[in-house]
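Enquirer: Sequence:
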Amino acid sequence: MTTRLRALWHDLVPRDERRGRRAALRLSASSTARSAEAIFLVLRRMRTPLIALIVVFAVSTLGLTLIPGQDADGNPARMSFFDAFYVISYTATTIGFGEIPNPFTYGQRLWVTFSIYLSVIGWAYAIGSLLALLRDRAFRAALARQHFTRKVARLREPFVLIAGYGRTGELLGRSIDRLGRRFVVVDLASERIEDLELDSYTADVPGLTGDARDPGNLAVAGLDHPSCAAVVALTDDEEANLAVVMAAALLRPDLPVIARVTSPVIAERMRAFGDPSTVNPLDRFGDHLRLALRAPAAYQLLTWLEAGPGADLPDRGSPPRNGHWVVVGYGRLGRELTRDLRAEGLAVTVIDPGADDPDAAADSDLVVGDGSDPAVLGDVDLEHAVGFLASTDNDTTNLSLVAAARRINPELFVGARQNSAANAPLFTAMELDALLVPAEVIAHEVYAQLSTPLLWRFLRHLPSEDDGWAAEVLGRLVGLCGTRLQTLWKVRLTPQEAPAVQGWLATGGARLGDLLRNPEDRDVALHAVPLLVLRGDEATAAPGEDFVLAPGDELLLAGWSAAERALTTMLEVEAVHEYVLTGRRVPASWIWRKLTPADRG
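Position 339 (the sequence shown) corresponds to 341 in the numbering used here; numbering is contiguous.
By construction, these hints were calculated from the structure, which means they are not laboratory data.
Incorrect hints may have been included.
[What the hints assert, rightly or not] Label pairs and their in silico Cβ distance ranges:
#1 271 to 370: 48 to 58 Å
#2 130 to 257: 20 to 30 Å
#3 96 to 49: 17 to 27 Å
#4 99 to 73: 41 to 51 Å
#5 548 to 496: 50 to 60 Å
#6 152 to 127: 25 to 35 Å
#7 267 to 130: 47 to 57 Å
#8 142 to 73: 49 to 59 Å
#9 274 to 537: 53 to 63 Å
#10 142 to 313: 32 to 42 Å
#11 267 to 564: 43 to 53 Å
Using N, Cα and C, we set each Cβ at its ideal position, and we do this for glycine too.
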């Protein structure tokens, strides 16, 4: 029978899935064993003190039973084991009820005195060992791991597993928390986990101090949990991010994975494990700069939506499309910016002190030298340049470069890279035209992918539209929400989520404008702007009021929270939908329908 079942398993379940399930089972067993480390550590460290206490009680009890006493009539009497243990128990614990069942003889009192000092020594040894255990780093880590494991196991709603809680993880965590979703954090630095516990999130956030490269730590953090919805690798170590991608692909191939990466080599190695989504902040900044050059309104809309609900409308920049640009620093960011600017047909001169770089030496427009040196800036004709970008990995250098460039040419369009969050006030005071903060770029893009796939699809489609189209969508959104983004939500026109409109959708005349009416007053439009309609694999961005809806369509909308609630009611309650569609008030309950006379007109 077992052989037949095994053969049926092999026939029904693909090989890759079987391997994934077996690995997940081994991972689950490993995580269960690691979560019990605190118990075994207590038993191992306290074994000798507990044995010593047991020996003290046993010897004291035995001695008290062997020493003869006297009853009330003066006859010899011996204590039972129960009476002796009872006396030693309250004596050794300093309670002291008295001499029972009879007054003690001098021999018994002498033995009890010896037992008192012996028990004090035993208790001191045991308590000292316990205090040392409580201060032991390994025990505290095991106890924290056990507490963390229990919190993760109790999660019932979908959660995101975040590996790395630096500045990027913090920004992403706050965005996820604003959406009302849960997340779990793994980070190698204990101080970051301590900061996590001090942060004011809506719900409790489990945090584990551990190396994300260890699959056991990922398992304890919920990688094999059925409610784990996605894995995000945001550590500063790209090898660690690769290890997270690898573990998720091999152990939970069904989970979406998003990873931070700047190295093309590491990105290619990640793609060998399924199809993870990689975010390169340096590459994204170059793409954003190109979009800002071609379509300022589209770039403004993209950055606003990526920032999420509650974000203020950013200013619309106007980078010069013609003229000479100067880029200081020929690292990864400098190369990316140079390629993107030249792809837009702009002349670019690069300043870099590293003449030994073969890639830099191959660039004919490279000037070797210190970018803050007035002589070097004079060589690149900065006085007649239109744009200046400081792209080094040192904030002090970038700030000094910007100050030097502005001193020579105050009309420059100036951009810089900010590497440390602590220097944010300095960059803000500098009033740059463009600022790259890698942590924010990554957090915003990961948020866009996690919040809803429709938002991510809309943002990927946005650069393909012309700037006039983006300006029109932005104008509708600003006219509805003001300069602060309210909320983004998704609607599925399925029988489960929109039962009240299925018949209407089947008629083939369901206009989007008729759907977005106020259930309180159908003559007033809902405060909602449709950004995208997805029908199968076909997406329509910013559809108009005459767009005809069909069963199964998915809609991405932006607007007020009240509009989201009103639309949900209309999709679920037939009486509300009937009023919105025809203007006729229909009783909602069975009793009112029976009491209300039929409409004979």
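Enquirer: Now, for every hint given, state plainly whether the structure supports it.
Expert: Now the hints, each set against the structure:
1. 271 to 370: 48 to 58 Å: 33 Å, violated
2. 130 to 257: 20 to 30 Å: 47 Å, violated
3. 96 to 49: 17 to 27 Å: 25 Å, holds
4. 99 to 73: 41 to 51 Å: With Cβ atoms ~19 Å apart, the hint is violated.
5. 548 to 496: 50 to 60 Å: 23 Å Cβ-Cβ, so the 50 to 60 Å window is violated.
6. 152 to 127: 25 to 35 Å: Once the Cβ atoms are compared, 31 Å apart, the range 25 to 35 Å for residue 127 and residue 152 holds.
7. 267 to 130: 47 to 57 Å: 54 Å, holds
8. 142 to 73: 49 to 59 Å: About 54 Å separates the Cβ atoms of residue 142 and residue 73, which means 49 to 59 Å holds.
9. 274 to 537: 53 to 63 Å: For residue 274 and residue 537 the Cβ distance comes to about 33 Å; the hint is violated.
10. 142 to 313: 32 to 42 Å: Hint holds: Cβ distance 40 Å, inside 32 to 42 Å.
11. 267 to 564: 43 to 53 Å: For residue 564 against residue 267, whose Cβ atoms are near 50 Å apart, the range 43 to 53 Å holds.
Violation of the numbered hints given earlier is confined to hints 1, 2, 4, 5 and 9; the remaining hints are satisfied by the structure.
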